[in-house]
Amino acid sequence: MIPAAQAAAEAHGFLSPTGVEIAFLLVGLVTLGAALVTVTTRQLVHAALWLVVALGGLAVEYLLLTAEFIAWVQVLIYVGSVVVLLLFGLMLTKAPIGRSPDADSGNRPAAVAVAVAAAAALVWVVVDAFRTTWIDLDGAVQGSTKVSGEILFRHWVLPFEALSVLLLAALVGAIVLSRKKKEGER
Amino acid sequence: MTTTTLAVLVPLLPFLGSAAGLLLGRTAPGFVRPLAVLPTLAAAVLAALVAVRQGGDETIDAATRLTPTGSVPIDLALYIDGFAALVAVLVGVVATCVQIYSTGYLRDDPRYPSYAALVSLFTSAMLLVVYSGDLMVLLVGWEIMGICSYFLVGHYWETPEARAASLKAFLVTKLGDVPFLIGLFALAVDAGTFRITGVLGAVANGGLDHPTLIALLLLAGVAGKSAQFPLHTWLPDAMAGPTPVSALIHAATMVAAGIYFTARLLPVFAASAAAMTVLAVMAAITMVGSALAALAQDDIKRVLAYSTIGQLGYMAGALAVGDRGAAVFHLLSHAAFKALLFLAAGAVIHAAGTNSLTAMSRMSGLAKRIPDAYWTMTIALLALAAIPPFAGFFSKEAVLVAAEHTAFGDRDVAPAGAGWTVLVAGLLTALLTAAYALRLWLRTFRGRGAEAPDHGRQPIAMTSVLWVLAVPSLGFGLTATYVDDWFDGHALTPTVTTAVLGTGLAVAGAAVTYAIWRTLTARTPVAAPAPPAPPLPHVAHPDADAGHVEAEALHLPHPAEDPADPGRALLGPLHGPAADGFHLDAVYRTAFVRPVLAAASLVRFLDREVVDTYVRAAGDSAKGLGWLVRRAQTGNVQTYLSALLAGSVVLAIAAVALANAVAGA
Amino acid sequence: MHLVYPAVLAALLFAIGVYGVLARRNAILVLMSVELMLNAVNLNLVAFDVWLRDTLHAGQALTLFTIAVAAAEIGIGLAIVLMVHRNKGTADVDRLRDTAEDPHDSSDETSTDGTSGGTPTGEKAEATA
Numbered sequence: 000m001i002p003a004a005q006a007a008a009e010a011h012g013f014l015s016p017t018g019v020e021i022a023f024l025l026v027g028l029v030t031l032g033a034a035l036v037t038v039t040t041r042q043l044v045h046a047a048l049w050l051v052v053a054l055g056g057l058a059v060e061y062l063l064l065t066a067e068f069i070a071w072v073q074v075l076i077y078v079g080s081v082v083v084l085l086l087f088g089l090m091l092t093k094a095p096i097g098r099s100p101d102a103d104s105g106n107r108p109a110a111v112a113v114a115v116a117a118a119a120a121l122v123w124v125v126v127d128a129f130r131t132t133w134i135d136l137d138g139a140v141q142g143s144t145k146v147s148g149e150i151l152f153r154h155w156v157l158p159f160e161a162l163s164v165l166l167l168a169a170l171v172g173a174i175v176l177s178r179k180k181k182e183g184e185r
Numbered sequence: 000m001t002t003t004t005l006a007v008l009v010p011l012l013p014f015l016g017s018a019a020g021l022l023l024g025r026t027a028p029g030f031v032r033p034l035a036v037l038p039t040l041a042a043a044v045l046a047a048l049v050a051v052r053q054g055g056d057e058t059i060d061a062a063t064r065l066t067p068t069g070s071v072p073i074d075l076a077l078y079i080d081g082f083a084a085l086v087a088v089l090v091g092v093v094a095t096c097v098q099i100y101s102t103g104y105l106r107d108d109p110r111y112p113s114y115a116a117l118v119s120l121f122t123s124a125m126l127l128v129v130y131s132g133d134l135m136v137l138l139v140g141w142e143i144m145g146i147c148s149y150f151l152v153g154h155y156w157e158t159p160e161a162r163a164a165s166l167k168a169f170l171v172t173k174l175g176d177v178p179f180l181i182g183l184f185a186l187a188v189d190a191g192t193f194r195i196t197g198v199l200g201a202v203a204n205g206g207l208d209h210p211t212l213i214a215l216l217l218l219a220g221v222a223g224k225s226a227q228f229p230l231h232t233w234l235p236d237a238m239a240g241p242t243p244v245s246a247l248i249h250a251a252t253m254v255a256a257g258i259y260f261t262a263r264l265l266p267v268f269a270a271s272a273a274a275m276t277v278l279a280v281m282a283a284i285t286m287v288g289s290a291l292a293a294l295a296q297d298d299i300k301r302v303l304a305y306s307t308i309g310q311l312g313y314m315a316g317a318l319a320v321g322d323r324g325a326a327v328f329h330l331l332s333h334a335a336f337k338a339l340l341f342l343a344a345g346a347v348i349h350a351a352g353t354n355s356l357t358a359m360s361r362m363s364g365l366a367k368r369i370p371d372a373y374w375t376m377t378i379a380l381l382a383l384a385a386i387p388p389f390a391g392f393f394s395k396e397a398v399l400v401a402a403e404h405t406a407f408g409d410r411d412v413a414p415a416g417a418g419w420t421v422l423v424a425g426l427l428t429a430l431l432t433a434a435y436a437l438r439l440w441l442r443t444f445r446g447r448g449a450e451a452p453d454h455g456r457q458p459i460a461m462t463s464v465l466w467v468l469a470v471p472s473l474g475f476g477l478t479a480t481y482v483d484d485w486f487d488g489h490a491l492t493p494t495v496t497t498a499v500l501g502t503g504l505a506v507a508g509a510a511v512t513y514a515i516w517r518t519l520t521a522r523t524p525v526a527a528p529a530p531p532a533p534p535l536p537h538v539a540h541p542d543a544d545a546g547h548v549e550a551e552a553l554h555l556p557h558p559a560e561d562p563a564d565p566g567r568a569l570l571g572p573l574h575g576p577a578a579d580g581f582h583l584d585a586v587y588r589t590a591f592v593r594p595v596l597a598a599a600s601l602v603r604f605l606d607r608e609v610v611d612t613y614v615r616a617a618g619d620s621a622k623g624l625g626w627l628v629r630r631a632q633t634g635n636v637q638t639y640l641s642a643l644l645a646g647s648v649v650l651a652i653a654a655v656a657l658a659n660a661v662a663g664a
Numbered sequence: 000m001h002l003v004y005p006a007v008l009a010a011l012l013f014a015i016g017v018y019g020v021l022a023r024r025n026a027i028l029v030l031m032s033v034e035l036m037l038n039a040v041n042l043n044l045v046a047f048d049v050w051l052r053d054t055l056h057a058g059q060a061l062t063l064f065t066i067a068v069a070a071a072e073i074g075i076g077l078a079i080v081l082m083v084h085r086n087k088g089t090a091d092v093d094r095l096r097d098t099a100e101d102p103h104d105s106s107d108e109t110s111t112d113g114t115s116g117g118t119p120t121g122e123k124a125e126a127t128a
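Residue numbers (numbering that gives the first Met the number 0), protein chains in the order written: chain A, 0 to 185; chain B, 0 to 664; chain C, 0 to 128.
Chain A with its partners taken away, still in its complex shape:
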């Protein structure tokens, strides 16, 4: 195992990144930056828009990882519906447009501490564990629509159907919860 890893390390290297790696890195930086702005900006609507950038960046990353079906689902569902839903939510709750000085709660120092600690721990563990691991992106296509569809409807049918029931329940629940009650009705 160790000689193989060494061989892999000789074949690849941090100092000689491939084109895919450079692309991944750049898009990743954009994604991270967008995410960071999402959670720090004082303009609530801007946060939703920056979230679009972050989720879109992730969709590009999925593409770079050859999981194209997931990438399109990401774009469709997240960018297309979830963010729109969030914007509607902001609108319906009369979120202030423009800068709101109290966007962050008093819990911020604790949040920073926990987040930094979590980031440090995770990065340390991940780097320590996968320092010498490479993904072979060549070879058979893994994430095309055809492959995903075959897998999904051949091996994962039952969870898929269960999930559809869950979605239906969520749909009904959301409607019941958000429906405005008439006067005197309980």
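Hints were generated in silico from the structure; no laboratory data involved. Be aware that a few hints might be false.
As a list, the in silico DSSO-like pairs of lysine-lysine whose alpha-carbon atoms are at most 27 Å apart [unchecked claim]:
| no. | chain 1 | residue 1 | chain 2 | residue 2 |
| --- | --- | --- | --- | --- |
| 1 | C | LYS87 | A | LYS145 |
| 2 | A | LYS93 | A | LYS180 |
| 3 | A | LYS93 | A | LYS179 |
| 4 | A | LYS180 | C | LYS87 |
| 5 | A | LYS179 | C | LYS87 |
DEER-style ranges, computed between Cβ atoms [claimed, not checked]:
| no. | chain 1 | residue 1 | chain 2 | residue 2 | range |
| --- | --- | --- | --- | --- | --- |
| 6 | C | ARG96 | B | SER620 | 25 to 33 Å |
| 7 | B | LEU624 | C | VAL68 | 39 to 47 Å |
| 8 | C | THR98 | A | ILE21 | 31 to 39 Å |
| 9 | B | GLU608 | A | ARG107 | 36 to 44 Å |
| 10 | B | ALA616 | A | PHE87 | 42 to 50 Å |
| 11 | C | THR98 | A | GLY32 | 32 to 40 Å |
| 12 | C | ARG85 | A | GLY138 | 48 to 56 Å |
| 13 | C | ASP97 | A | ALA139 | 30 to 38 Å |
| 14 | A | LEU24 | B | VAL661 | 29 to 37 Å |
| 15 | A | ARG41 | C | ARG96 | 20 to 28 Å |
| 16 | B | SER620 | A | PHE159 | 33 to 41 Å |
| 17 | C | THR98 | B | ALA660 | 38 to 46 Å |
Owing to the predicted nature of the structure, the values given are computational and were not obtained by experimental measurement. Even for Gly, the Cβ is constructed at its ideal location relative to N, Cα and C.
With the hints as your guide, set chains B and C onto chain A.
Below, chains B and C alone, put in the same frame as chain A:
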């Protein structure tokens, strides 16, 4: 029925009556009086039957063992000799009289059912003590009497005097009972049995290893129960109980238990000359001291209580010179006339509406209001003063004769010193007894002043009992020649020397008292008009039930000391201390009560301030921690979540670090 | 491609999401941060699926499911936020403190227990009305 069965029924009947009375007292008040009187009466009749069958000849000794009790067996045993048979008859008769008297005396008392049941239980316990042939079973009766005494003395528990008196009676007798119990165990260990026959056999064979120690320990219990110096202080205070209780418990039976017990185990005491001497000195101090105190009391019942102590001193003196026949003879006659005295005193208190002699001496015509009580009390007082031919004369002479014989060496059961002590003290007490008996009579029935109020006739239940008891007070002494067969066989008849000496002294004491009284009363009317006599304290409901009147009289203030009191003139400077019982209560207060109270307050301090501090600190620290935790409950979900995630991160880091460390190792 | 890139990216995204969940005041922004965390997990799933060349493609299937569940979650979450906003007039997380201990009854529990017990129930009744 065999005599044994009859004898078993004697203590059992009052016990069953008591249980039935306690059970039915509330639900069926109509049955209470029959249930109180009939079992006691039946027990008295049965006891008389047993006495007739036993006939003073052969000791009835029967035993049955319920269960094995280890190395020292305990039996349900009967041991009935002449002493036991006669004392049981006495207990039965006096208890019956008291029960009948109580039906009239406590006619309207709401607590009569429990009272009657307790008196029955008490009678049963006394009979058990009398008949029991096993010391452990005897102890059971002994202790039941103690607790019954506590309840009965505290019958008027609404008054603080009665509460204090009942507690005092209980604690002081317990003070003697603890050494008594230890003494019983020591005796049983030495003799190897609790049976009286076994113990007496062991003594006869010289089998006791520590006779003095055992005798002294037992003496403590006897002194507590029989109110001998220095444990006599509870008896005068116990007069806070109803008069029939005083008559039954504190004159006729319970105090007799100590004397009876000593008489029963006299060989054990006689085995130790030291114990006999101690008993003699104790008896002498008790006799003289109580007689002096009786002369100074203002409460009619307290006078009688001190006279009881003095007469018990006579009995103890007789035991100290080794003549139990004389002791039990005096016990029997004393029980008759002392019960009579107390019951008559109850009638007097009812009629006068006060228990103060001074107040009575300012009333005239009290004798006319209650002729039955007047005549019977006169008889009983004559018996108390040992004037021939009343019962007290013969029995007291028996004691003095025994002391004289011992003093002059005719008998060698006890040391001669004990005999001299008892003889001198007995003669001196005879003088004093006559003096205080006459003083009591003069102050009660020969008062001058306003006419005594008329409350109608006393109930027949009360007066008839007085006359019943007057018979033995008058004539019991004449049986002296027959009774001695029932006892050890010593002659109980008086001799000329002691008879002349004792009667002469008694007459002298009475004469001096009368002379002083005449002089003082002749002088008083001159002085009386000048200061208008203060209004006599009087009970609020003079026409009520006799028991009710007595309960109210209990806490009336006693009028200021009367200069016409012959006791004051007789005692001179001794009067103050004697009225206070020679300040023995104060001594006890400093010696025992104060240290106990101080120790109690120390314990209280330790408990409240030291132990509780830890307890409170435990509670407070938990509360403080809870307060801190509650501070964390801000209701802000984000805060909770921060803590949760921070904890997860820490745990994850710890897990990884640990895994690395293990892998590295 | 080096596996560390997607893994580190996912870790950092997750941490940012954590920060957002803990620091944001508006409930909808908190939901956005939750989406970020979910996406970080999705990225991991995809990356490891590709790396392992799983024949069942469990990672990708699970990613799809996660996306669907996330959609359901955001729908329900927004409905709840809307209802809270309608009842309470605010969607700020740190103002919804019905479960807080009453800060005034610090010393003596028994005397103020009745009042402190009564107020939250009153508020709850008001909230569900």
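Checked hints:
A hinted pair counts as satisfied when its Cα atoms are at most 27 Å apart, and C/LYS87 with A/LYS145 does not qualify at roughly 49 Å. For a cut-off of 27 Å, the pair hint linking A/LYS93 to A/LYS180 stands: about 19 Å separates their Cα positions. For the hint pairing A/LYS93 with A/LYS179, the CA-to-CA distance comes to about 16 Å; that is within 27 Å, so the pair holds. For the given pair, A/LYS180 sits about 15 Å from C/LYS87 by alpha-carbon distance, which is consistent with the 27 Å threshold.
The straight-line distance between the Cα atoms of A/LYS179 and C/LYS87 is roughly 14 Å, inside the 27 Å bound, and the hint therefore holds. A beta carbon spacing of about 28 Å between C/ARG96 and B/SER620 agrees with the range 25 to 33 Å that was offered as a hint. Our hint of 39 to 47 Å for B/LEU624 and C/VAL68 holds, since their Cβ atoms are close to 41 Å apart. Between C/THR98 and A/ILE21 the beta carbons are some 50 Å apart, a value that contradicts the proposed interval 31 to 39 Å.
At roughly 50 Å, the beta carbons of B/GLU608 and A/ARG107 sit outside the given window of 36 to 44 Å. The hint said 42 to 50 Å for the Cβ distance between B/ALA616 and A/PHE87, and at roughly 58 Å that hint is violated. Roughly 37 Å separates the CB atoms of C/THR98 and A/GLY32, a value that falls within the hinted 32 to 40 Å. The hinted window of 48 to 56 Å between C/ARG85 and A/GLY138 holds, with their beta carbons roughly 54 Å apart.
Checked against the hint of 30 to 38 Å, the C-beta distance between C/ASP97 and A/ALA139 comes to roughly 56 Å, which is inconsistent with it. About 35 Å separates the C-beta atoms of A/LEU24 and B/VAL661, a value consistent with the hinted range of 29 to 37 Å. One distance hint, 20 to 28 Å for the beta-carbon pair A/ARG41 and C/ARG96, holds here, with the actual separation near 23 Å. A beta carbon spacing of about 57 Å between B/SER620 and A/PHE159 contradicts the range 33 to 41 Å that was offered as a hint.
Our hint of 38 to 46 Å for C/THR98 and B/ALA660 holds, since their Cβ atoms are close to 40 Å apart.
When the structure is compared with the earlier hints, violations turn up for hints 1, 8, 9, 10, 13 and 16 and for no others.
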